[in-house]
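Chemist: Chains as they are written, first to last, in this note's numbering: chain H, 1 to 667; chain R, 668 to 791.
Since the hints were made in silico from the structure, they are not lab data.
All figures in this text were calculated on a predicted structure; none of them were measured in a lab.
Using N, Cα and C, we set each Cβ at its ideal position, and we do this for glycine too.
Treat the hints loosely; a few may be bogus.
Stated by the list, open to error - A partial selection of chain R residues facing chain H, derived with a Cβ cut-off under 8 angstroms:
1. Arg714
2. Thr752
3. Gly766
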Amino acid sequence: MSMDTLKATFFAECEELVEAMTEGLSQIATDDWDSETVNAIFRAVHSIKGAAGAFGFEKLVEFAHKFETVLDRIRNNELAIDADVLRIITRASDVLAELVELAQVDPNETPAAYDPVLSELANHADSGETAASSDDLFAPVAFAPLALVIEESVAEFTVEFEPSAAFYRNGHEPERIFASLGDAVQVTCDTSRIPDLAELDPDQSYLAWSIEVHGKTRTEIEKAFEYVDGLASIEFIEKEEPAEIEPPKAVEKPAPPPAPKAAAPRPASTQTLRIDPERVDRLINTVGELIINQAVIAQKIAAGDRSPDTEVASALDDYRYLAREIQEAVMSIRAQPVKSLFQRMARVVREAGEATGKAVQFETIGETTEIDKTLIERLADPLTHMLRNAVDHGLEAPDARAQTEKPQTGTVTLSAAHRSGHVVIEVADDGAGLNRKRILEKAVQKGLVPSDAVLSDSEIDNLLFMPGFSTADQVTNLSGRGVGMDVVKTSITSIGGRVSISSEPSKGSVFTILLPLTLAVLDGIVISVAEETMVVPIANIMETIRPESDDVLELTPSNWVLKVRGSYVPIIPLAPLLGLGRTAPNTGPFILVEAENASVFAFAVNEIYDQRQIVIKSLEGNYGAIPGISAATILGDGQIALILDPDALIALAARESASKPRCVQEA
Amino acid sequence: MSAPVVLAIDDSRTMRQMVSQALSNAGFEVETAEDGVQGVAAFGTRRFDAVITDINMPNLDGFGVIEAIRSARSNRRVPVLVLTTESSEEFRAKARNLGATGWLVKPFDETGLVDTLRLVTGRN
C-alpha cells in the first residue's frame, strides 16, 4: 500500500479534525457549549493521535495523548473549564495544529511552545487518577516491536480445551483455532457431556477437545488461543514434562473503565465525496480543451462558404452553453470555503497578540465564501504576514490606544466575499491608520521616490508594497523579519491576484486582496500587436478606446498621452515594449488599464477583436518566465496566443523609460 | 469461494483507508462505515464474514456496535474485532464481555491485522 497516499489522507483528515477542534474551542470560548462539544474535541484529538501513531509521528502522538488526557478529564467532569484551563486547551490546540503542519515536513520538529504547553497539559492531566492509568495504557506498544526473542524449543503439547458458552457468542469457532495451529495437529472431541435432545440448550457449550500439537513452541500455541482467554478453560500439557501443568488462568477483574457514553446525535455532517485533486485537474483541462474545441467549430463554420445554417448555429449555441455549464460545475468541485484558512488565521492573530502584548479581538466575515482550493493553500502565507502586520503595526500600542476613545481591545477583521467574478479578501484593523508622513519620509530616505515627488494619498500608501520598504522604526521580531509587504504582493500576484491598501487616520487600515475565481480560465480580450495575437485579462481592463486622432498627443518622441474625457493618460505602445517592432502605432486603438497603484495607462495595440473566455496554459512550466507575459492559451483557430500581464508591462515600460534620456516635458 | 467480506468501522478516514488497503491487498473485500450507527446499519445490509470496529466514535461507540451486533442471535457467529489505541486488560475484558472476538491495538501492523482476520474468519 502506498504510504504517501495514506499520509495525504491523514493530513487532509487532520485539517478537518483541527477545524472541528477549533470550532469546538470557539464554542467553549463563547460559552455556547455542552458535553458533546467536549466529546467532539476529544474525538478529534483522539483520531489525530490514533492515525499519527501509524506513521510513527511520535511528537504528535505524545502531545495529542496528553491533550486527550486533559480533555478526557474535562468530559468526565473531573476538571472544570475555567479561564486558565480554557487558555491551556486553546494553546494546546494551537500547538497540535502546528505539529500537524510540521509533521508534513519533518515529524520530529516541534514548535517553540511544545514543551511549555506539554508540561502545562501534564500538570492538568496528572492530578486525576484516570490520567495515570490511561498513560499506562497508551504505552510504547505503539512503536517498538518486541525486541526480545527468547529461544524456545518446540515440543509436543496437549491442550485441553473446553470453551464456555460465551466463546461461541463472541464469534469464535473451535475449528478455526485448530486450523491456525497448522497441519501437525490431532484433535479429539469429547462429546460425553451432550445431554438428551429434550434438555439440550443450543446456547450452552457441551463440547471439549483435546488437541495434540507437534512441532510448535508454547508461545505459538498460546497465540492461537490469545483471544479466547477467559472464554474457555485451556490447559497446556507438555508431553516431555507432564508434571508441568498450567495453573488456571486468573479471571479478569470486573471493573470496567468509564464507558464512553453513546454520544448525543450530532448535526448530520454534510455528505462529501473525496476526489484526488489530480483527477479534477484533468477534468478541468479537458473541459478547457472542450471550450477550445467549441471555438474551433464556431470559427470553422463562420469561415465556411455556406451561408450560416440556423440549425447548426443554434446547436452550436447549445454546445457553447453546455460547455460553460460543465466548466462551471467542474470549477465548483475545486471550490472550498475559506473557513479552515480563517480558523488557522485566528491562531496567527492570537499569537501575534500575545507576542506584542496587545489585546486583540479577531473577527471573521464570510467564512463560507468558496474559492479554488489551490488559492486557499497559497493564501495562507501572505495572510499570515498581513495579519501579523495588522496586529503589530496596525493596532496602536496599549498605552497609545488608551488615549483614544476606542475600546481597549483592538479589532482585526478578516473577511471574504464574492464580488463581480472575483474573490475579495480584506484584512482590516481599527488601529491608527497609516502614517503617511512617515511612509513618505522613509521612501525618500531609502531613495524609493525623489524628494520632490508629489504623491497622492493612495500612491503613498502603495509605497508599502515596494521592495525593501519597512515602516517599523524598530524591527520587531514578529512582523519585521526582513520580509516586507512586497513579498505579500509578490505572492498574491503569483496567484493572479492584486493587493491594495486604503487607510484612514485614527480609524484604521484595510488591505484588500482581489483574486480570480480560478486559475484555470480567464475572461480576456483578444488583441493583436504587430500581427501577433495576444490576450489581455479583462480584470485589468477599464475600457477600450478608438480615439479621434487629435486625442493622441505627442509630448516627446517617446512620450505620448491619450486624452480621455479631459484627463491625460500615458500611452504605452505594446509592440516595441514586447520587442515586436520599433515604431509605435500611436493612433490606437487603445486599451485602458489600471495599474496596481490605481494610476491609468493606455496600451496602444493594432487591433482589438472580441472578448472570450480562454483556457490558461502555463508557460513557466513548459518554457520559462517571460517578463510581461503571464501565460499562453490556444485560440479557436488553433493559434497560440500569449496572455499579457498588464502590471508587469507597466513596470517594464517604467524601467525602459527610466533608462532612456529624459526629455523635458513641454505642453 | 468468493472473497471474505469485512466491515471496517472507524471514524478516522486514515484508519479506514489503512485497514481497507491492508485487507484488500490480502484478498478481502472491505466495506467501511464512519461511525457506530452507520456501521450497524451497514451490517444489516449484507452478510459479513467479519467486523473490525474502532471504539471511540461519535453517535455510537464500538462497545455499542458489539452489543448491537450480538443482540441478534443470528449474528453471534460473526467475528467482531476491536481496533483501538486502548490496550488495558479492563478494556479488553469489557469488549470481551460484550461479545468481541478479538482485539488489535493501533497502530497495527499490516501482517498482524491480516493474520488475525484470517484466524477469526478461518479463511486463507
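Chemist: A separate judgement is required for each hint: does it hold in the structure or not?
Modeler: Evaluated hints:
The closest approach between the C-beta of Arg714/R and any C-beta of chain H is roughly 14 angstroms, which is over the 8 angstroms cut-off, so the hint fails. With its C-beta approaching chain H no nearer than about 5 angstroms, Thr752/R sits inside the 8 angstroms limit, and its interface hint holds. Look at Gly766/R: its Cβ gets to within about 5 angstroms of chain H, closer than 8 angstroms, so that hint holds up.
This entry does not satisfy hint 1, going by the numbered hints stated previously; all others are met.
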